Amino acid sequence: MKINQSLISKLEHLARLELSNSEKEEIQKDLNNILQMVEKMNELNTDDVEPLVYINEQQNVWREDKIANQVDRKDALRNAPDKNEQFFKVPKVIK
Amino acid sequence: MNIYDTYETIIGLEVHVQLATKSKAFCSDDTTFGADPNTHISVISLGHPGTLPKMNKKQVEFAVRLGLALNCEINPRNTFDRKNYFYADLPKGYQITQDASPICLGGQLEIKVGEEKKTIRLHHIHMEEDAGKLIHDVDPEHSLVDLNRAGVPLLEIVTEPDFRSAEEVDVFMNAMRQLVRYLEVSDGNMEEGSLRCDCNVSVRKKGDIQLNERCEIKNMNSMRYARQAIKFERKRQIDLMEKGERVAQNTLNFDPSTGTTSPLRQKEDAHDYRYFPEPDLPPIVLSEQYIEKIKLEMPPLPNELVDKFSIEFQLPKYDVGLLTEEKETAFFFLEICKKTNNYKAVSNLVINKIKPYCNEVKIGISKFKVSPKSLAEFADLIEDGKVSSSIAYQRLFPALIKEPEKSPEIIAQELSLFQSNDEGFLEKIVNEVLENNPKEVEAYKKGKKNLIGFFMGQVMKSSRGKAEPKSTSTLLRKKLEK
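The listed protein sequences correspond, in order, to chains A and B. Going by this note's numbering, the first residue of the first sequence is number 1, and it counts up by one from there. Going by this note's numbering, the first residue of the second sequence is number 1, and it counts up by one from there.
Hints were generated in silico from the structure; no laboratory data involved. Computed from a prediction, not measured in an experiment: that's the story for all the values here. Be aware that a few hints might be false.
[Stated by the list, open to error] The list that follows gives simulated cross-link-like pairs (lysine to aspartate or glutamate, EDC-like), each with its CA atoms no further than 20 Å apart: (1) B:K92 x A:E12; (2) A:K92 x B:E141; (3) B:K205 x B:E8.
Generate coordinates for the entire structure from the input sequences, incorporating the hints supplied.
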């Protein structure tokens, strides 16, 4: 797989980012490097190796159905770049 | 033949059920509906860096319960996946869902459309989380974000494309609503969005086997709208095909004010969700004992009760429908039926007196203060002919509500409500009635036999309903035909 400019624009859209032309070129170079490294790893035969998803063997890490650890609205809104008394505010986007 | 009649509609559903847990799916925030904006949130639902999700046990239990009720195969090893998209309704940038290994596979629900039974097959049921709410129409420059709903546990039930009409969808959604309420996994409230569905609609020429391109109508939380949307979409697609045009696969919005669907504005590649395994939630492994335990705790299901009431209890369809609509009523009815075999009399009592009374005083039927034993006795008094049903309903029932602890038989005695087939008592009243209505007696004798109803009425009135109908009618005929 080769990273070209059309893939870059697709990723740009999916990540909701806007890149300048020079940034796009830079990113293209970086991503190609990353892919090359992955391709290098792909040379290894991994047929009998399960993908590693979990770093330990734990299972059924679950909790009782109880209400706890809520945060205060004031605290929750404190870090928001834009807000009013009750809500987070975001640029108007209708899906 | 009408051109529209040569097409059939193919519909599949994605039903979202909001679960009635106290806390959210992967964090402990309150799930209560209708709270002040952004008051049921935590660092986890806000997607703060470094926070980790933790599975709610109850969500798994509810999923298994619903799966068992729908005859699904329960997946013993559950993992989760991230569905990636950037939208302000989900701050962490992905929805946690089950893409690769849903908790329930297959299964079906039998529905009854008119007189016909039909089986709707299920593809699978998976666990996921809801997104927050965006408000677009308050601030002209901004969308407002309320994250109370972000992370509320959902089950998504995906059906096979087995529906052929909006009516079938309607019946299925009602059955689903009834089922989740019986199982107590959700309140099934469509207005509050606890139960909603996406409808995948396509049309094809009758007799064709191949499915055509389908359109998905999003977020129907009213069955009336769903019916309208499906009907509109059917016509739109047939019209396109008749013009020789292709139906483009699309996601649609339904506008209730115009009754029309329209495509949601979307870039072509917006649907690239890049699913990958969610490493933050370790697998949920379900043992056979775990599943068996849930199976043992299952309440009777609506379809089972419908069969029991109509086959074993021999009740008419109308009664069965009303008695099984809500679990509370069905169970209340069953409790009384443990103490008597007069099922029809009990059914009449529940439907005609107890339910209306409870509605009027606004209590659940399970809170009705007269014991099942007394109510069984009440039904027996009617069925054994000791108290006429009209007297029982008009006088005994209100008296029983006033003194719920007292036995109906004792109350009937105290108020002397027993109907009488005592010949002396009856004869006296019958004689009086005949003497007071000479004209009618004359007419009867001349052949106007249907006046018997009039005489019966008079006797009932004079005896204040206590005359036993059968003996009264025999005695009346005997006297009139002398």
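Results of checking the hints against the structure:
1. Between B:K92 and A:E12 the CA atoms are separated by roughly 18 Å; this keeps the pair inside 20 Å, and the hint holds.
2. Pair hint A:K92 plus B:E141 holds up; C-alpha atoms about 6 Å apart against a cutoff of 20 Å.
3. Of the pairs offered as hints, the one joining B:K205 and B:E8 holds, with about 6 Å between alpha carbons and a cut-off of 20 Å not exceeded.
Consistency with the previously given hints is maintained throughout, with no hint failing.
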